[in-house]
Amino acid sequence: GCLVFWGLTPSDEVNFIESLERFSEGRRGKGVMKDSSDTMLFTHEEDIGRDPDEMARFDGAMFDADRHIFVKNDRLLLSSSSRTLKLSLSFAMSQSCNLFVLENLVTETIEETRGYPENLQRTGTFGLSRKETRKIMGRVYVDRCKVTLYSDLLEVPDYFWDSDVYEPCYQVMKSYLDLTPRINILNTRLTVLDDLLIMLNSLTESSHSSHLEWIIIWLIGIELFFQVGWNIGVKDLDLFGLREEYGWGGGD
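By the numbering used here, the letter at position 170 of the sequence shown is numbered 170, and the numbering carries on one by one without gaps.
Note that these hints are calculated values from the structure, not bench results. Among the clues, some could well be false.
[Said to hold, decoys possible] Quick list of in silico lysine-lysine cross-link-like pairs, DSBU-like style, CA-CA up to 30 Å:
1. Lys174 <-> Lys72
2. Lys174 <-> Lys146
3. Lys146 <-> Lys131
4. Lys174 <-> Lys86
[To be verified] Pairwise CB distance ranges, derived in the manner of DEER restraints:
5. Ile220 <-> Ile185: 49 to 57 Å
6. Asp53 <-> Pro181: 27 to 35 Å
7. Phe225 <-> Leu120: 36 to 44 Å
8. Arg182 <-> Glu111: 13 to 21 Å
9. Gly60 <-> Gln171: 16 to 24 Å
10. Thr180 <-> Ile215: 51 to 59 Å
11. Asn104 <-> Val14: 18 to 26 Å
12. Arg182 <-> Pro117: 23 to 31 Å
13. Gly221 <-> Ile110: 42 to 50 Å
14. Gln171 <-> Arg75: 14 to 22 Å
15. Arg75 <-> Ser11: 17 to 25 Å
Every residue gets a Cβ at the ideal spot worked out from N, C-alpha and C, and that includes glycine.
With the hints as extra help, turn the sequences into a complete structure.
Here you go:
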């Protein structure tokens, strides 16, 4: 889930979040929450009137066709204090914050695996067992599933089926926050990770197969050693006198 606050002080926001703790499950750590949060300043046209200095802040800003909002440099100018307008913008903001979480997860995985190709280049090994490689592959697969699922969530919220007055404002905010390009970049980074881990898994499988082959070779060698020892040392040369005792062989 995600919370979007309008006009609250930082202390009020913290108090509100803490009041929800007893109703939440699987809440992420404060570090993750800090990295996945964002802050924007906003004001209403009625508050600034036609102050030329304030209006100049929004020169070249993104805006919707009906000019309900102007957005530039993390500042919002709203045509009114309408709650419906703010709710429409909040949909895009919450999607952006949830995307921050996924971006951080993928970044952590990339940082963890960054050294393996370099080790492979320097030493010819990368220092991961089959189990460790598969665990990382599993994590990347889970991340990819989340991104794929979240890509569906980036569709226009159902809310706008019933109230589409401010849908253009939502689209402007979605474009300003670069949601679609960020999803594409995230998918590209996951594809690169997939390719890397497939290669590492192939190397571990090859190493494991080679290890099994050597075990089989050694077992065959041991079997041949005992077979030759039995045939030559026991049956043919009768080193232990077993031939006479058990009546092996025919002839004098």
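Here is how each hint holds up against the structure:
Proposed proximity of Lys174 and Lys72 is supported: the alpha carbons are some 13 Å apart, at most 30 Å. Between the alpha carbons of Lys174 and Lys146 the distance comes to roughly 19 Å, so the proposed pair stays at or under 30 Å and holds. Restraint check for Lys146 and Lys131: satisfied, since their Cα atoms lie roughly 23 Å apart, inside the 30 Å limit. Taking the CA atoms of Lys174 and Lys86, the gap is near 13 Å; set against the 30 Å cutoff, the hint holds.
A beta carbon spacing of about 53 Å between Ile220 and Ile185 agrees with the range 49 to 57 Å that was offered as a hint. Separated by about 33 Å at the C-beta atoms, Asp53 and Pro181 satisfy the suggested range of 27 to 35 Å. As the Cβ distance of Phe225 to Leu120 is approximately 38 Å, the hint placing it in 36 to 44 Å holds. For the pair Arg182 and Glu111, the supplied restraint of 13 to 21 Å holds, since their beta-carbon distance comes to about 18 Å.
Restraint check, Gly60 to Gln171: a C-beta distance of roughly 19 Å satisfies the suggested window 16 to 24 Å. A C-beta distance of roughly 52 Å is found between Thr180 and Ile215, which places it inside the suggested range of 51 to 59 Å. Taking 18 to 26 Å as the suggested C-beta distance range, the pair Asn104 and Val14 conforms, at roughly 21 Å. Taking the beta carbon of each, Arg182 and Pro117 are about 25 Å apart, inside 23 to 31 Å as hinted.
The beta-carbon spacing between Gly221 and Ile110, approximately 45 Å, falls within the hinted interval of 42 to 50 Å. The hint said 14 to 22 Å for the Cβ distance between Gln171 and Arg75, and at roughly 19 Å that hint holds. Hint check: Arg75 to Ser11, Cβ distance near 22 Å, so the stated range 17 to 25 Å holds.
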